[in-house]
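Please model the entire structure based on the sequences and the hints provided.
Under my numbering, think of the first position of the sequence shown as 22, with each following residue one higher.
Heads up, a few of these hints could be off.
Claimed, not checked - Using 25 Å as the maximum straight-line C-alpha spacing, the simulated BS3-like pairs for lysine-lysine come out as follows:
id, residue 1, residue 2
1, K303, K332
2, K386, K327
3, K303, K436
4, K386, K332
5, K139, K110
6, K139, K79
7, K456, K386
8, K327, K456
9, K332, K294
10, K110, K79
In short, the hints are calculated from the structure, not lab data.
The structure presented is a predicted model; accordingly, all values stated were derived computationally and were not measured.
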Amino acid sequence: MLVMRVSRIVLASGFGCLLTGALLVDAQREPKIPEAELNRPTAAPDRIILTYSGDPAKTQAVTWRTSVSDARAVAEIAESDDGPGFTAKARRVEAASETFQSNLGEARYHSATFEGLKPDAIYAYRVGDGFNWSEWNQFRTASAGAAPLTFLYVGDAQNDIYSLWSRLVRQAYTDASGARFIIHAGDLVNRGWNDSEWGEWHRAAGWINHSLVSMPAPGNHEYAFPEGGTRALTRQWRPQFTLPLNGAPGMEESSYYVDIQGVRIVVLNSNEKQAEQAEWLKGVLADNPNRWTVASFHHPIYSTAKGRDNKALRELWQPLFDQYGVDLVLTGHDHSYGRTNLMTGANTRTGRSGTVYVVSVSGPKMYTLDATSEFMQRRGEDTQLFQVIRVEGDRLRLESRTARGALYDAFELRKRRGRANRLVNLTPKTPERRKAAAEASGG
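This is the structure:
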């Protein structure tokens with residue numbers, strides 16, 4: 022905490038002016054609050070987050086955390102109203118709970134799923150133990166069938182999350198009116214085992230996580246090496262996210278898919294078991310009744326950062342994207358921005374396939390662009406970005422915006438019967454953003 026001494030302020034009566042003495046600031050700083058104290062759970066619910074675990078039109082999952090003293094956990098829900106009377110109609114849902122030991126101590130994680138909801142309806146809910154409650158929050162269920170849909174996508178938050186990522190996610194929420202969910206393309210934090218960083222991530226988004234559904238994909242920084250063990254997905258992942266169990270065998274909640282308003286969202290885990298997921302992915306894409314298909318995972322098919330190329334992943338998954346006409350692939354990892362035109366494995370625009378691949382970064386850690394990358398229609402570096410995606414009928418539009426909300430890139434996909442999508446570039450005429458001083462960064 023910064024220690025400040027301010028001189029007395031004197032109001033000169035009769036003259037209508039304010040005379041202020043000099044402001045004296047001591048450079049001496051007190052020790053910061055210890056991480057364990059800052060992130061200590063209490064009986065009051067925190068780290069509240071909405072996720073999908075079933076049909077988004079009829080169900081909604083919520084997860085939260087308390088201290089281990091809370092033996093009971095419940096949630097209440099009611100269809101929202103314009104006045105406070107809705108609370109009298111609330112029904113109670115018992116939560117599933119588990120004790121979790123992190124590097125900062127013990128906590129209890131709780132998860133409840135609201136079922137039997139009406140499509141395209143606004144609900145209010147709260148969570149607690151029957152005595153200590155959160156505030157009432159609101160969300161809207163999805164429509165039962167195809168309907169206009171808006172959602173957000175961001176790349177790696179990872180570093181200085183509370184300090185520098187918070188402004189971006191808040192600007193994204195402000196700009197994306199009516200967004201139903203946000204895709205996080207991996208590396209939500211820097212050290213997946215460090216509970217204080219997860220505390221930062223939840224605090225940065227704040228109440229946005231209480232109303233806007235999150236759809237996270239794990240990145241390499243969500244992996245850790247337990248003592249005496251092998252590299253594995255951090256133990257924090259499953260307790261704090263209640264996600265669909267329809268993923269590849271053995272990869273539940275780190276690979277999954279959700280159908281919402283005519284769009285199939287497929288989330289993959291590009292960190293491990295890529296071949297096993299390819300078999301699962303083939304079935305998910307082959308039996309797909311939706312008009313649009315969007316996939317998200319961490320490692321890019323087409324890299325933007327200097328010295329990077331995920332050739333094995335591209336050779337394994339891209340043929341399936343080509344075969345089944347995946348429209349859009351959203352990734353992170355390279356801490357820069359890049360967006361292709363319509364791509365197939367042969368880099369052609371013919372036939373019925375053609376996918377747009379996007380790499381983006383939302384946090385402050387930046388890498389140097391690969392100047393030789395020939396596949397990108399628009400590139401950028403040293404820029405925090407979020408993406409707003411809107412789907413309506415036969416059109417999908419993506420806008421990439423900076424942390425200040427300025428348009429950086431845009432395009433539209435248009436469905437054509439029996440042929441590949443038509444891509445319309447809507448890139449602004451502003452120059453591509455590049456680092457003032459190019460320097461490579463590892464990680």
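A quick look at each hint next to the structure:
| no. | hint | verdict |
| --- | --- | --- |
| 1 | K303 / K332 | holds (19 Å) |
| 2 | K386 / K327 | holds (15 Å) |
| 3 | K303 / K436 | holds (22 Å) |
| 4 | K386 / K332 | holds (24 Å) |
| 5 | K139 / K110 | holds (15 Å) |
| 6 | K139 / K79 | holds (6 Å) |
| 7 | K456 / K386 | holds (12 Å) |
| 8 | K327 / K456 | holds (13 Å) |
| 9 | K332 / K294 | holds (15 Å) |
| 10 | K110 / K79 | holds (18 Å) |
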